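Visitor: Below, each chain spelled out in residue letters.
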Amino acid sequence: MMEKPKSTLLEVRDLAVRFAGRAGIVNAVSGVSFDLAPGETVALVGESGSGKSTVGLALMGLARVIPPGSVAGTVTLSLKNGGRQDVTKLSDREMQKIRGNEIAMIFQEPMSSLNPVHTVGWQICEAITCHQGVSGAAAAATALKLVEQLGIPDPDRCLHAYPHQLSGGMRQRVMIAIALSCRPSLLIADEPTTALDVTVQAQILELLKQVQAETGMAILFITHNFGVVAEIAQRTMVMYAGRIVEAGPVDEVFHAPRMPYTRALLDSLPRLDRGVGTRLPAIPGQVPGPSALPPGCAFHPRCGHAVTGRCDDAVPMLETCSAGHVVRCVRWAELTGEAP
Amino acid sequence: MSSPRRIVGLALIALILACAVLAPWLAPYDPLRSSVAFLSPPSSANWLGTDELGRDVLSRVIYGARTSLVIGFGAALVALLIGAPVGLIAGYTGGRVDMVSVVLIDLFVSLPGLVLALVITVMVGPSLQNLVLVLGFVMWPSVARLIRGQVLPIREATFVEAARAVGGSPAWIIGQHIWPNTMRVVAAQFAVTVSFAIFTSSSLSFLGLGIPPPTPDWGGMVRAGYDFLAINPLLSLGPGAAVGVTVLGFYLVGSTVE
Amino acid sequence: MTASAVLEVRNLRKWYEIRRGVIPRVTGHVKAVDDVSFEIRKNEVLGLAGESGSGKTTIGRSVLRLIEPTSGSVNFNGAEITRFDPAALRRFRRSAQIIFQDPYSSLDPRMTIEDIVAEPLRVQRIATSRETRRRRVEDLLGRVSITKDFLSRRPGELSGGQRQRVGIARALAVDPEFVVADEPVASLDVSIQAQVINLLQDLKEQLNLSLLFISHDIAVMRHVADRIAVVYLGKIMEIGPARAICEAPRHPYTEALLSAVPNPDPRERRQRIVLQGDIPSPANPPTGCVFRTRCRYAIAACAQSQPQLQAAGPGHYKACLRDDVP
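Protein chains in written order, with my numbering: chain A, 1 to 340; chain B, 1001 to 1258; chain C, 2001 to 2326.
Isolated chain A (complex conformation):
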């Protein structure tokens, strides 16, 4: 288990999300446990099918499961009023008080999260009215101030615009404004910059860092982009096929990865500081679909270090390899010290 930060904002224990698919039960997320301290940024990184987005949705109570699917585990949140609540036990109605107020979420595609028939200002005010009980002029004033603080150019015009009249970067800033309108203690950002140009992405990441510095909000940043992780997070958790396979401080995970998947993935990334025309060490095979997971370690068919009998037997447990750094690999100790 990871080291418990001094005061924990979010405690997730054994989160598991199972969907009822046509071919049977699909384990989208299994055995995910982690802590989040106030004010820190943790990145949840993985490829498609890793379950990272499902984790984000489950934390918000938005993972739609119909029986026999289920959401299991506990998600204990420290509320703004001082209490602690396991949000998985809440009804949807009770969860509505949490969403936006205690935990907010922003998504990849702001165009589908924003209502096209209402102005942007209306939508920001909607969030404010919902949670803070003020309305009309008071809400509008708060919205304007928020939009100014986020450095949106021409704030008044922006508030009166419709989503389709704004650029992708602007829409994402509006999403952030809505998310922040009630000063949540946790922001879940699900691939917020994936659909944006790289120069706009840089702006949004700067904005998030600035906002976090000002409000002390914690951020759970979900992404597949390791560059972004290095840019914005202090700790990171790598997911593969529904499980956390490595987690720890960003510096350690990037420079001393213990999980063969993490190491192979980092090695295969094209980077600006690599030579031109060098051959990338690619990981063979493809990511397994959640309904066709291999036995034992989900990565072993693609792993250059897999050992029959050990890696394909049972799912490895998370072991601590150094302070705050855990890894899900039976061979991590042997492989450390080997030349990468």
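Check before you lean on any hint, since a few could be wrong.
Using 25 Å as the maximum straight-line C-alpha spacing, the simulated DMTMM-like pairs for lysine to aspartate or glutamate come out as follows [as the list claims (entries may be wrong)]:
#: 1; chain 1: A; residue 1: K209; chain 2: C; residue 2: E2039
#: 2; chain 1: C; residue 1: K2042; chain 2: C; residue 2: E2080
#: 3; chain 1: A; residue 1: K209; chain 2: C; residue 2: E2080
#: 4; chain 1: A; residue 1: K145; chain 2: C; residue 2: D2265
#: 5; chain 1: C; residue 1: K2204; chain 2: A; residue 2: D267
#: 6; chain 1: C; residue 1: K2204; chain 2: C; residue 2: D2265
#: 7; chain 1: A; residue 1: K97; chain 2: A; residue 2: E11
#: 8; chain 1: A; residue 1: K209; chain 2: C; residue 2: D2102
#: 9; chain 1: A; residue 1: K209; chain 2: A; residue 2: E11
#: 10; chain 1: C; residue 1: K2148; chain 2: C; residue 2: D2102
#: 11; chain 1: A; residue 1: K209; chain 2: C; residue 2: D2265
#: 12; chain 1: C; residue 1: K2204; chain 2: C; residue 2: D2217
#: 13; chain 1: A; residue 1: K209; chain 2: C; residue 2: E2268
#: 14; chain 1: C; residue 1: K2204; chain 2: A; residue 2: D273
#: 15; chain 1: A; residue 1: K209; chain 2: C; residue 2: D2278
#: 16; chain 1: C; residue 1: K2204; chain 2: C; residue 2: E2017
#: 17; chain 1: C; residue 1: K2204; chain 2: B; residue 2: E1052
Taking CB as the label site, the calculated pair distances span [what the hints assert, rightly or not]:
#: 18; chain 1: B; residue 1: L1081; chain 2: C; residue 2: S2095; range: 25 to 31 Å
#: 19; chain 1: A; residue 1: E148; chain 2: C; residue 2: R2010; range: 35 to 41 Å
#: 20; chain 1: B; residue 1: V1185; chain 2: A; residue 2: A292; range: 31 to 37 Å
#: 21; chain 1: C; residue 1: A2283; chain 2: B; residue 2: G1149; range: 27 to 33 Å
#: 22; chain 1: A; residue 1: A72; chain 2: C; residue 2: S2095; range: 56 to 62 Å
#: 23; chain 1: C; residue 1: I2273; chain 2: A; residue 2: P284; range: 53 to 59 Å
#: 24; chain 1: C; residue 1: S2095; chain 2: A; residue 2: P284; range: 51 to 57 Å
By construction, these hints were calculated from the structure, which means they are not laboratory data.
Here the structure is a predicted model, which is why all the values come from computation and not from measurement.
Cβ coordinates follow ideal geometry from the N, Cα and C atoms, glycine included.
Please arrange chains B and C on chain A, whose structure you already have, making use of the hints.
Guide: Using the frame of chain A, we list chains B and C on its own:
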């Protein structure tokens, strides 16, 4: 996964199809054979009674399935043969060709089908052949419109651009890529078109513009039975129910095609 | 024209008309591509880097005449393709092909893999018998590491990476000498990207291809390209050898673009250049230098005239008035 609706629809169509194909074996009497026992009530000899010429109503209903299915399928086919090329070419080519086609289609679609069919049948005279052609002619615009609507998004698909990139001509692209991707929708609409044709032809027959006697035809039978409703309502209800069952069957199947 | 140039593009323009009013009149133009010139030599990879609205995708389509250029010249092996009639255009398509970005929509979902890869052979009347076609398809799929049992499957049964490889096999079916790769790895999982990048590099070597590699990911491009052209709002800002562009850019936009790319190295704490504002609309580009509204080095003269490409080193050109930046 067959939905209950589709299963019911298929069962009904099977029933009507059986009537059409197996009529000589299913029908207790020759439908054209008149007798002196006219307008007799339902009995063990004639389950639905006899009509004004002493012919067995049940046999006429069963044989009537043939006429209806021929008209239904025939008209739907004519509509497809005209509507599909128009929809495909208008949708794919765009520009002026499309604009003209859309105006034409909208014009026809806005006219009530039954009235149009009526007017034309009066002009050309009722016969099985004419009926099939007229109904097909009345229905082709809605087929064309549906297909054109399907073509528009497919035309923008990257795999169509890929076909252009390898040098495919418009004819090649329409034949190889556009048409196969619209077929699912076309199949669904076909069933609905058949039911519409049967219903409309029955309405025309009811109005006296259908198949000339003595061929058993449901619409005509309903009309003829109108004068004798007090004596034996089954003269109209029998064929009327048959129309309802057929239309329902095709509609259920058409609306559940995935 | 350089002796070994396969493709030479001069003053390429693609302007889309904007029509307004009840009786539509042309009120303006979206200048998707505005006066672009470059060349690609034999067996060379030219990378086209840019963000949204840059026009890079339109350039890629225009040089193949999948989109009709508004004006300008596209010269392929000495022939002016903008003047080709339909028959000549169809023959041209045997020599120049395209790999699309989206492996999900670029394959017809109702066709089998065999039919998809065989289609170019049928359209171009290569390998006229079913047998010879099948053998060629198997050969092509083998080159991209797709086994024979995939022949009868449909795209829906394949993963994204596999579909992209089928798309590559299809592009190579006619044995082209020039291929436009439009963001070929952007839609793929990170662990698959390296596989496909390696594959493209291998194929380029084996088949002596010339490639126009379009990408928004300059790190990927660094890997694959010999030369890079940086595009912004329909114009080329800078063009030169890949190493020079990535290590010593001479245009403020290139500098900002490189700076914005997040590097997967948490220890590297470089000062990021964060551009202000959004990319202007191509329907209403700034006067003079199109980048000046976001450029930290802009001076008054930048609004006066559009800078032409000037030499900044061997084979290296930039479109900037100032010589002292970045």
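Visitor: Go through the numbered hints given earlier and state which of them the structure violates, listing their numbers in rising order.
Guide: The structure breaks hints 1, 3, 4, 6, 8, 16, 17, 18, 19, 23, 24; every other hint is satisfied.
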